[in-house]
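A.B. asks: Here my numbering is used: the first residue of the sequence shown is 70, the next is one more, and so on.
In case anyone wonders, no lab produced these hints; they're calculated from the structure.
As the structure is a computational prediction, the values presented were derived from the model and not from experiment.
Don't take every hint at face value.
Derived Cβ-Cβ restraints for the label pairs, each shown as a range [said to hold, decoys possible]:
hint: 1; residue 1: F207; residue 2: D121; range: 25 to 33 Å
hint: 2; residue 1: F207; residue 2: D245; range: 16 to 24 Å
hint: 3; residue 1: H120; residue 2: D227; range: 30 to 38 Å
hint: 4; residue 1: A184; residue 2: I111; range: 40 to 48 Å
hint: 5; residue 1: G110; residue 2: V232; range: 27 to 35 Å
hint: 6; residue 1: Q142; residue 2: A94; range: 26 to 34 Å
hint: 7; residue 1: T89; residue 2: D216; range: 36 to 44 Å
Note that CB positions come from ideal geometry on N, CA and C, so glycine has one too.
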Amino acid sequence: MTQPAAVAPPERLVRAQPLTSEAFAPFGDVISVETAETRMGINQGHCVRHHDLAAIDASEADGRAGVSIFRAQPIPPPVPVTMMERHPLASQAFMPLSGRDYLVVVAPAGPLDAAAIRAFRARGDQGVNYARGVWHHFLLALDAPSDFLVIDRIGSGDNLDEVALPPNQQFLLSPDVAP
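Given these sequences and hints, build the entire structure.
C.D. replies: Okay, here's the thing in structure tokens:
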């Protein structure tokens, strides 16, 4: 059995930017109590509901929203970004359960434009909801294995496209936030 040829790591280094609702809006929703437009007291005043934080889109064809937990293993930085994926039939929401920061890499829906890829550092209390068709990298945990509550589409149909970036469009991602 032959081993695959070693591929040289990308040389370009990209720094993440802080995750904010405004900066992430072209790609979906930031899920955080800070982004709630509607807050209401419930449970006889013992709880505050931060209402409707993400537009979950899972109803294409016979789809339904499913809830899962993903456990992501950290990749030592700088993280090589060599591929992107998208879900053409639904949105996909991630909410960290471990309270740890993580990295988010996205590009607009439509044909993948590597020049439009953006990187964010999300705090451990911020989730993301990728809009239908938005390109993104798989989960990028930092420091330690991290659990994420995931809400995405369960149903028939092909809801995953993966694309390898050409070597000249690959890059290394630093978790250090850009100045």
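A.B. asks: Mind listing which of the numbered hints don't hold for this structure, in increasing order?
C.D. replies: 5, 7
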